[in-house]
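Number of protein chains: 2
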Amino acid sequence: MSDKQSIEFLQERIKAARRQIPSDLVLKKGRVVNVFSGEILEMDVAIHQGVIVGVGAGYQGKEEVDVKGCTVAPGLTDGHMHIESTMLIPSRLAASLLVHGTTAIISDPHEIANVMGLEGIRFMLRDSQALPFDIFFMAPSCVPATHLETSGAALDQEDLASLIKEPRILGLAEMMNYPGVLAGDEKVIEKLSLFRGRVIDGHAPSLVGHDLQAYCSAGVRSDHETSDLQEAREKLQAGMRIMIREGTSAKNLEALLPLVNEKNSRRFCFVTDDLHPEDLLERGHMDDVLRKAVRLGLDPLTALQMVTLNPAEFFGLHDRGAVAPGYRADLVVMENLENFSVEMVYKDGRLVVRNGKIVHFSQKKDEYLPSWPIKIPSLTPESFRIRKQGARARVIEVIPGQILTKVRVEEVLSDREWVLSDIQQDVLKLMVVERHKGTGRIGRALVHGFGLKRGALASSVAHDSHNIIAAGVEDIDLFTAVEQIRRMGGGLVAAEGKRILAKVALEIGGLMSKEPLESLSAQPKSLGCILSEPFMTLSFLALPVIPELKLTDRGLVDVRMFAEVPLFVQEDSL
Amino acid sequence: MSDKQSIEFLQERIKAARRQIPSDLVLKKGRVVNVFSGEILEMDVAIHQGVIVGVGAGYQGKEEVDVKGCTVAPGLTDGHMHIESTMLIPSRLAASLLVHGTTAIISDPHEIANVMGLEGIRFMLRDSQALPFDIFFMAPSCVPATHLETSGAALDQEDLASLIKEPRILGLAEMMNYPGVLAGDEKVIEKLSLFRGRVIDGHAPSLVGHDLQAYCSAGVRSDHETSDLQEAREKLQAGMRIMIREGTSAKNLEALLPLVNEKNSRRFCFVTDDLHPEDLLERGHMDDVLRKAVRLGLDPLTALQMVTLNPAEFFGLHDRGAVAPGYRADLVVMENLENFSVEMVYKDGRLVVRNGKIVHFSQKKDEYLPSWPIKIPSLTPESFRIRKQGARARVIEVIPGQILTKVRVEEVLSDREWVLSDIQQDVLKLMVVERHKGTGRIGRALVHGFGLKRGALASSVAHDSHNIIAAGVEDIDLFTAVEQIRRMGGGLVAAEGKRILAKVALEIGGLMSKEPLESLSAQPKSLGCILSEPFMTLSFLALPVIPELKLTDRGLVDVRMFAEVPLFVQEDSL
Numbered sequence: 001m002s003d004k005q006s007i008e009f010l011q012e013r014i015k016a017a018r019r020q021i022p023s024d025l026v027l028k029k030g031r032v033v034n035v036f037s038g039e040i041l042e043m044d045v046a047i048h049q050g051v052i053v054g055v056g057a058g059y060q061g062k063e064e065v066d067v068k069g070c071t072v073a074p075g076l077t078d079g080h081m082h083i084e085s086t087m088l089i090p091s092r093l094a095a096s097l098l099v100h101g102t103t104a105i106i107s108d109p110h111e112i113a114n115v116m117g118l119e120g121i122r123f124m125l126r127d128s129q130a131l132p133f134d135i136f137f138m139a140p141s142c143v144p145a146t147h148l149e150t151s152g153a154a155l156d157q158e159d160l161a162s163l164i165k166e167p168r169i170l171g172l173a174e175m176m177n178y179p180g181v182l183a184g185d186e187k188v189i190e191k192l193s194l195f196r197g198r199v200i201d202g203h204a205p206s207l208v209g210h211d212l213q214a215y216c217s218a219g220v221r222s223d224h225e226t227s228d229l230q231e232a233r234e235k236l237q238a239g240m241r242i243m244i245r246e247g248t249s250a251k252n253l254e255a256l257l258p259l260v261n262e263k264n265s266r267r268f269c270f271v272t273d274d275l276h277p278e279d280l281l282e283r284g285h286m287d288d289v290l291r292k293a294v295r296l297g298l299d300p301l302t303a304l305q306m307v308t309l310n311p312a313e314f315f316g317l318h319d320r321g322a323v324a325p326g327y328r329a330d331l332v333v334m335e336n337l338e339n340f341s342v343e344m345v346y347k348d349g350r351l352v353v354r355n356g357k358i359v360h361f362s363q364k365k366d367e368y369l370p371s372w373p374i375k376i377p378s379l380t381p382e383s384f385r386i387r388k389q390g391a392r393a394r395v396i397e398v399i400p401g402q403i404l405t406k407v408r409v410e411e412v413l414s415d416r417e418w419v420l421s422d423i424q425q426d427v428l429k430l431m432v433v434e435r436h437k438g439t440g441r442i443g444r445a446l447v448h449g450f451g452l453k454r455g456a457l458a459s460s461v462a463h464d465s466h467n468i469i470a471a472g473v474e475d476i477d478l479f480t481a482v483e484q485i486r487r488m489g490g491g492l493v494a495a496e497g498k499r500i501l502a503k504v505a506l507e508i509g510g511l512m513s514k515e516p517l518e519s520l521s522a523q524p525k526s527l528g529c530i531l532s533e534p535f536m537t538l539s540f541l542a543l544p545v546i547p548e549l550k551l552t553d554r555g556l557v558d559v560r561m562f563a564e565v566p567l568f569v570q571e572d573s574l
Numbered sequence: 001m002s003d004k005q006s007i008e009f010l011q012e013r014i015k016a017a018r019r020q021i022p023s024d025l026v027l028k029k030g031r032v033v034n035v036f037s038g039e040i041l042e043m044d045v046a047i048h049q050g051v052i053v054g055v056g057a058g059y060q061g062k063e064e065v066d067v068k069g070c071t072v073a074p075g076l077t078d079g080h081m082h083i084e085s086t087m088l089i090p091s092r093l094a095a096s097l098l099v100h101g102t103t104a105i106i107s108d109p110h111e112i113a114n115v116m117g118l119e120g121i122r123f124m125l126r127d128s129q130a131l132p133f134d135i136f137f138m139a140p141s142c143v144p145a146t147h148l149e150t151s152g153a154a155l156d157q158e159d160l161a162s163l164i165k166e167p168r169i170l171g172l173a174e175m176m177n178y179p180g181v182l183a184g185d186e187k188v189i190e191k192l193s194l195f196r197g198r199v200i201d202g203h204a205p206s207l208v209g210h211d212l213q214a215y216c217s218a219g220v221r222s223d224h225e226t227s228d229l230q231e232a233r234e235k236l237q238a239g240m241r242i243m244i245r246e247g248t249s250a251k252n253l254e255a256l257l258p259l260v261n262e263k264n265s266r267r268f269c270f271v272t273d274d275l276h277p278e279d280l281l282e283r284g285h286m287d288d289v290l291r292k293a294v295r296l297g298l299d300p301l302t303a304l305q306m307v308t309l310n311p312a313e314f315f316g317l318h319d320r321g322a323v324a325p326g327y328r329a330d331l332v333v334m335e336n337l338e339n340f341s342v343e344m345v346y347k348d349g350r351l352v353v354r355n356g357k358i359v360h361f362s363q364k365k366d367e368y369l370p371s372w373p374i375k376i377p378s379l380t381p382e383s384f385r386i387r388k389q390g391a392r393a394r395v396i397e398v399i400p401g402q403i404l405t406k407v408r409v410e411e412v413l414s415d416r417e418w419v420l421s422d423i424q425q426d427v428l429k430l431m432v433v434e435r436h437k438g439t440g441r442i443g444r445a446l447v448h449g450f451g452l453k454r455g456a457l458a459s460s461v462a463h464d465s466h467n468i469i470a471a472g473v474e475d476i477d478l479f480t481a482v483e484q485i486r487r488m489g490g491g492l493v494a495a496e497g498k499r500i501l502a503k504v505a506l507e508i509g510g511l512m513s514k515e516p517l518e519s520l521s522a523q524p525k526s527l528g529c530i531l532s533e534p535f536m537t538l539s540f541l542a543l544p545v546i547p548e549l550k551l552t553d554r555g556l557v558d559v560r561m562f563a564e565v566p567l568f569v570q571e572d573s574l
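Chains E and B, in that order, are what the protein sequence lines are. Take the first sequence: its letter number 143 is residue 143 in this note's numbering, and every next letter is one higher. Take the second sequence: its letter number 183 is residue 183 in this note's numbering, and every next letter is one higher.
No wet-lab data here; the hints were simulated from the structure. Please note that a few of the clues may not be correct.
Identical copies go unnamed one by one, so any copy, or any two together, can satisfy a pair.
Below, in silico cross-link-like pairs of lysine-lysine (DSS-like), each with a Cα-Cα straight-line distance of 30 Å or less [as the list claims (entries may be wrong)]:
id, residue 1, residue 2
1, K263, K68
2, K187, K15
3, K388, K437
4, K503, K453
5, K514, K357
6, K263, K251
7, K4, K187
8, K4, K165
9, K28, K263
Put together the whole structure using the sequences plus the hints.
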């Protein structure tokens with residue numbers, strides 16, 4: 001906007017606020033949530049040129065909408081979300097979040113960055129611009145996440161410096177390499193130093209004590225990885241914004257909510273981090289988190305602050321997060337503050353959701369969708385064999401609803417020289433197939449907790465390097481599933497023998513689809529799986545920054561030691 | 001700091017935080033105020049390279065100071081203060097505020113700017129740099145304040161644009177010209193537009209309703225001019241940060257404190273705006289405001305947030321306002337949270353106050369102190385005569401303890417053609433002598449409320465244009481006082497007949513002295529004055545932006561109409 005335009009706009013807004021001219025739009029007599037005073041007041045909300053110009057009585061608009069009895073709140077914000085986990089490209093996701101009252105997210109595009117580096121981030125920026133929805137980004141701090149896996153790309157110092165200039169990039173995304181911070185690793189510290197004075201998000205599960213102080217003293221100012229109340233209290237005291245995460249795999253709301261009180265609530269917000277498409281479809285987004293928080297006893301206004309004013313303040317979004325003059329007209333009209341049922345959503349003063357359905361939102365035509373071929377050498381079912389090298393092996397134990405795993409040591413079932421899945425003990429074969437460089441590397445391990453009785457699940461979504469991960473009973477199951485992913489250019493597959501039972505193509509870097517949310521279901525029915533979100537769980541089993549035991553294309557990693565460990569236990573090493 | 005240095009510093013801080021090396025300084029076992037959690041916790045505070053690296057147990061330092069039993073709080077911040085009102089140059093003021101626990105102020109240099117424009121602001125910036133005290137500035141928005149007076153300088157668009165680049169200039173200072181905002185005045189709106197996205201402070205006494213909404217919709221985000229509870233509530237609801245002012249002339253704490261509760265306290269801070277040297281000497285600064293707030297029933301921790309975290313957040317000072325890792329080691333050690341008695345102050349980890357006295361603070365030698373000659377043509381006692389032009393005149397009525405005045409209409413006492421002061425009715429002659437351009441213009445009026453029985457008071461401090469203002473009984477009193485100000489190059493004077501009873505030289509623009517605080521007392525004893533701060537009161541009588549009736553060098557101004565009015569009432573106009 002030119003200076004002259006900006007001045008004329010201001011002059012017109014002032015006139016509208018003073019009722020010298022009618023406003024573009026007035027929402028009449030709603031129960032307006034005031035996040036500053038902590039009140040609900042029956043008021044008109046006058047909107048002009050996409051901005052709220054007045055909240056009060058007696059406003060007249062070119063258009064007037066009666067919202068009497070309804071609650072008018074600021075558009076909701078998710079302060080930390082990986083878009084890629086929804087499997088939707090940004091422009092598709094926007095529509096799916098708007099119907100839940102969300103008008104802004106702050107996202108970390110580190111999934112696509114791990115696959116295709118800067119090119120992936122530029123795609124996310126391009127696909128998310130000029131939408132009736134605000135997508136902000138944090139510059140990924142840890143691509144690749146570790147040296148223990150093979151990623152498709154790396155982001156160095158210079159790449160990050162080039163991102164700082166983007167107006168929608170607000171800071172440095174979750175610094176997952178907290179061991180690197182604590183060790184004073186030069187490359188890590190360089191990145192922190194580069195973002196000095198900006199928002200630096202943290203990621204520090206279980207970090208407490210002097211190490212937590214050290215991490216914070218380096219400039220990290222938030223955490224969303226806390227599941228323990230006492231740990232959260234310590235992080236709060238250390239000055240971190242506590243992003244209470246309530247996503248698909250990790251749900252910390254119930255555990256952490258007892259910490260929130262009126263004295264400290266400004267330091268909290270709600271985030272989803274990773275939200276699976278089915279969860280988004282069935283439960284919703286921040287609206288669902290609000291429902292749950294209020295059900296658990298949180299004051300509805302405090303809850304609303306945690307998804308409006310609080311994240312806006314933290315990220316320096318000074319004209320968002322409140323229904324007040326001078327703020328953007330990003331508004332959600334809800335039935336009440338119990339069901340948070342979204343009736344209408346306005347973005348920059350434009351109606352985008354009515355009766356809970358998207359209106360006036362035409363999918364943008366982005367001719368350029370990036371492609372990233374799946375590079376794996378030819379495979380056979382034998383590629384998935386595990387040679388027996390001992391009696392007992394380390395087994396990854398899945399904890400339902402969490403992305404943490406446990407280490408178990410179990411006797412292996414075997415057919416002479418080859419290890420077999422043990423469905424009685426619920427021990428399956430787990431494979432990570434390198435897909436970016438064509439190395440042909442396959443990491444092989446065992447996993448407990450899926451409950452599959454037959455078949456295999458495979459996914460090209462496997463945090464953070466997104467190689468292909470597959471868990472299954474027989475080698476032929478694994479082979480069929482992985483081959484189908486190669487054919488689709490990425491995706492999710494459930495297979496049994498040579499048959500494909502379910503599949504979703506994720507042709508954008510093997511992570512996202514250009515199709516709408518409703519088409520993204522690949523529930524592996526009939527295989528006996530006991531997990532509610534098996535693909536989500538699967539996708540975190542390759543993430544070597546979350547304790548305890550994970551698998552990458554290079555092999556098993558004991559995250560507690562941040563080192564590779566063999567699959568088979570040396571009996572004298574126990 | 002170079003990138004390399006900054007990386008090395010971070011690496012060392014991390015080591016100190018982890019106790020791998022001793023910290024530079026550790027305050028042991030103090031009662032540490034946690035502004036995030038709203039708690040007080042007995043902890044060590046470890047400081048390295050001027051930054052807090054750890055708050056916890058068991059820190060070792062090269063230097064250790066036992067503060068057991070004492071309260072350790074973040075250094076206090078005054079979010080809105082005119083340095084010039086203390087009559088001290090910034091480097092002198094720093095020492096006088098440090099002993100009261102203040103480590104940072106956000107100041108609006110509009111007084112010196114009205115006298116000498118950009119040159120004055122540059123002096124303030126230069127004199128306040130490299131001090132063990134943080135002085136931030138807001139760019140003055142209204143110089144001159146109005147067209148109704150003659151100022152020494154004006155700041156235009158370009159001047160303001162040149163100030164934006166200064167790192168210690170945080171935004172646009174109080175937009176006093178709210179009528180200009182409401183009218184959409186091009187020049188005014190240009191300034192708001194220039195500072196879009198930055199902090200814009202407001203100044204809007206009595207502004208409510210749709211006009212308040214309009215003012216806020218233009219981007220103004222704070223107000224410190226509110227003395228009425230209901231007005232403050234409305235401003236809070238409109239998204240303004242409420243700066244509760246407790247200065248020398250204007251005291252709003254008692255009136256506004258009932259509005260503050262745990263739900264909304266984050267939106268408040270305490271400021272002094274204008275603090276007279278004697279007040280600073282006798283009562284203190286934010287420490288005194290804290291004492292009073294707590295005495296009035298505010299929770300001490302909430303009160304502390306209002307002078308630490310809250311202003312730091314508002315002004316985007318992200319490493320100040322808390323005792324937490326990564327924050328600057330700006331700390332005040334106090335006896336308790338009732339008397340807020342300051343024992344020690346650390347600035348950037350250096351001890352600057354011990355036992356309530358300044359240590360290690362050498363006055364800087366600024367060779368260049370700007371001069372600004374007093375330009376008035378030669379005067380005689382007759383210059384101060386007022387020709388009688390009617391039976392009844394408008395009289396400015398002083399309201400003790402406020403900067404607002406009232407309009408009264410009184411019969412004038414006269415000696416045929418000349419008006420006389422009427423000490424029975426406490427009506428004195430009031431003069432404003434233009435001193436910047438040599439125009440010889442003198443504004444003449446009458447004032448009620450000083451109680452002087454003889455003599456005159458004169459001052460070169462007269463908001464906002466700082467012409468010479470004088471109130472007195474006889475013309476000779478006025479003449480003597482004004483002449484003495486001319487001789488000193490500015491200052492405060494009490495005179496009777498041809499005698500000078502008291503004087504303070506303010507040789508820096510007629511506003512500030514380079515001498516220390518203790519030498520700046522000019523109480524006009526023995527003249528019968530009934531005001532406790534007569535010079536402060538006097539200095540606001542020329543400020544034509546505060547209702548109702550004021551006097552400039554151009555004559556009487558009815559601020560309610562923002563227009564000049566004659567001294568004498570036309571009988572048919574009543």
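Consistency of the hints with the structure:
no.	hint	verdict
1	K263 - K68	between (32 Å within a copy, 25 Å between copies)
2	K187 - K15	between (53 Å within a copy, 16 Å between copies)
3	K388 - K437	within (28 Å within a copy, 97 Å between copies)
4	K503 - K453	within (19 Å within a copy, 97 Å between copies)
5	K514 - K357	within (20 Å within a copy, 68 Å between copies)
6	K263 - K251	both (24 Å within a copy, 27 Å between copies)
7	K4 - K187	between (44 Å within a copy, 12 Å between copies)
8	K4 - K165	both (25 Å within a copy, 21 Å between copies)
9	K28 - K263	between (33 Å within a copy, 26 Å between copies)
When the structure is compared with the earlier hints, no violation turns up for any of them.
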